[in-house]
Amino acid sequence: MISGVWSCQDNSRPNYQFFPNMYEPVGYEAYGEYEVFPNSQEALLPVKGTIARGYSLYDYDNTNEGYDAALKALKSPLSDNEIDTKRGKELYDIYCGICHGGKGAGQGKLVKREKILGVPSYADRPITQGSIYHVIYYGKNAMGSYANLLNEEERWQVTAYVEALRAELLK
Amino acid sequence: MEIVSKFKNQHSPIVDMKQENSQHPQIKLVFFGILLFSFLFTPLHAQEADPVKGKALFNANCAACHQLDKKMTGPALRYVETRLSEDEGLDREWLYGWIRNSAAVIKSGDTYANKIYNEYNGAAMTAFPQLSDEDLDNILAYTAQDKPAPVVAATSGAAQVNSEGGSGLSKDIILGALAILFALLALGLFLVNKTLRRFAAANGVEVQEAIKRPSLWKAYVKNQFLLLVTAIFFLLSSAYFVYGYFMQIGIDQGYQPIQPIHYSHKIHAGDNGIDCKYCHSSARVSKHSGIPSLNVCMNCHKSIYEVAPSTATEEYSKEFYDAEIQKLYDAVGWDDEAQQYTGKTKPVKWVRIHNLPDFAYFNHSQHVSVAGLECQTCHGPVEEMEIMYQHSPLTMGWCINCHRETNVKVEDNGYYEKIHEALSKKYGVDKLTAAQMGGLECGKCHY
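Residue numbers (the numbering used here), protein chains in the order written: chain Z, 1 to 171; chain C, 1001 to 1447.
The hints are simulated quantities; they were obtained by calculation from the structure and are not laboratory data.
Hints are not guaranteed to be accurate.
Said to hold, decoys possible - Think about it this way: if two alpha-carbon atoms lie no more than 25 Å apart in a straight line, the pair counts; the simulated PhoX-like pairs of lysine-lysine are: (1) C:K1070 with C:K1277; (2) C:K1147 with C:K1287; (3) C:K1318 with Z:K89; (4) C:K1318 with Z:K86; (5) Z:K75 with Z:K103; (6) Z:K48 with Z:K103; (7) Z:K103 with C:K1277; (8) Z:K115 with C:K1327; (9) Z:K140 with C:K1318.
Stated by the list, open to error - Sample of chain C residues lacking proximity to chain Z, with all beta carbon distances greater than 12 Å (derived): (10) G1074; (11) D1087; (12) M1125; (13) K1277; (14) C1300; (15) K1349; (16) K1418; (17) G1443.
In this text, a Cβ means the ideal position worked out from N, Cα and C, and glycines have one as well.
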């Protein structure tokens, strides 16, 4: 009999609940499915033409010309004592190290395991802080954009860290 | 056929002349010239160009945008040299120029260069001025190699099927043989028994029946004390199980739903060591960890369109995994052949696993960024999970226990300096647990 009860337990279904009205949310939960939203999908993109608080517009286009312009003209808004190498490293190790490697020599774990190829060493490219930021923002060819994972300030912290790695590699 | 024979006809006179009319100096010279030419060139390409070195160079420089047999950011490059010389009449020099600096070739007004540049929507190929002629020859030698993969795959596949079929067959045979053996044994026993009985009957031996004794069961029913004890025992134990049953209601420990895409944390976070926060990026800064949106997946899966054969296990084949990646492509609307987004998307409906009741508040950034806890303390060995399940009970007792045991990380946190001083004086300790800092107050978790 006991085994009969146990066998009713099925790990691919959620368990029963007492009085679920205290458990189920009344408001809309993140990632929920509600009819008021288009496609019933609660997760939405920001409305076109709006910008979140604390963010600013990015003036360069996602084109080769935009890249060249950013390469030459774009400068970091962070002053020297705002650059936080510790945090830059932490973020770099999460988001970039997996392909570019901890030292930026293009030897991340995915490259070593031959899952992703053609990741350059930072030393081999004539990059500037402007172009690094531009590439984080839009991505470039096989590399995707990291604009939605890092906020503006974090992107500049990572940029500063990449510059430091590059200087280290060029030594 | 015709062409070949014509060719022969053209050639044979030359050979003949060489053998017989050695007085003709002009023809001799031409022939010598051809010989010299082929001497000069064939060895240069055939010997020095090293496809192995070429492969290394290709992987390091070109593979970000090109593959041999598949369109990526740039065109597929297998047999590119033959293709360009046959279709477009472009020679190796053109290729040198293009690879070293494609932008310059395009600017020079070269028709083919502009055509292909526009075909790829003006994607710029990186310039490689640092590659020497030799490097480029090696790369081109690599692209000129025949494709070995499908042959190998096909034969090994066939071999697998065969061996599987073979082993399946032999298993069946063994099982069948065993069944027959057992049947024979049973038959043998039955026959032996029958003959023995016949002997017994013939010899007049009685087979003894068991002697009847007062039954244990009746004695037991008559003993009232024993009955009482048993009744109490049954009541208690069933109460225990009923209580246990009620206490596990609403707890989803071990909940493991089937997700719309078979996404394996073992392969991503375990084998390939991708950081949890790469995908669950909002855990750093918000209440929710979030499930990554599909464009995050595409950061890698634009390039990873299939799994390596070594990733496949006995349970899940390579075809299975590749089909799952295809599901991802269908969901984001990525056409892998054309290397473009089609714009037709259909959102993936992941099934939510961890879910606290609405009346409890839990915040990831407080635990992950402030307290510096590893995801695994709460979510278990995620990097070993082929399929995600809920590791912890997520009960109040579980939260409270940890708050009682875990020290607050006060180092390097200016926010905590004052409160830490005040509280450690109050409790007379120098390390504070989360509980002492207020982690047991109802209002912190219930609102």
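Results of checking the hints against the structure:
1. C:K1070 with C:K1277: 31 Å, violated
2. C:K1147 with C:K1287: Outside the cut-off at roughly 51 Å; violated.
3. C:K1318 with Z:K89: 36 Å, violated
4. C:K1318 with Z:K86: Violated: C:K1318 and Z:K86 sit about 40 Å apart, past 25 Å.
5. Z:K75 with Z:K103: 23 Å, holds
6. Z:K48 with Z:K103: This hinted pair is violated, its Cα atoms lying about 38 Å apart.
7. Z:K103 with C:K1277: 20 Å, holds
8. Z:K115 with C:K1327: Between Z:K115 and C:K1327 the Cα gap is close to 19 Å, so the pair holds against 25 Å.
9. Z:K140 with C:K1318: 29 Å, violated
10. G1074: 9 Å, violated
11. D1087: 25 Å, holds
12. M1125: Given that some Cβ of chain Z is not farther than 12 Å from that of C:M1125, nearest at about 9 Å, it is violated.
13. K1277: 5 Å, violated
14. C1300: With a cut-off of 12 Å, C:C1300 comes too close to chain Z, as the shortest Cβ separation is near 7 Å.
15. K1349: 7 Å, violated
16. K1418: 23 Å, holds
17. G1443: 17 Å, holds
In the structure shown, a violation is registered for the earlier hints numbered 1, 2, 3, 4, 6, 9, 10, 12, 13, 14, 15, in ascending order.
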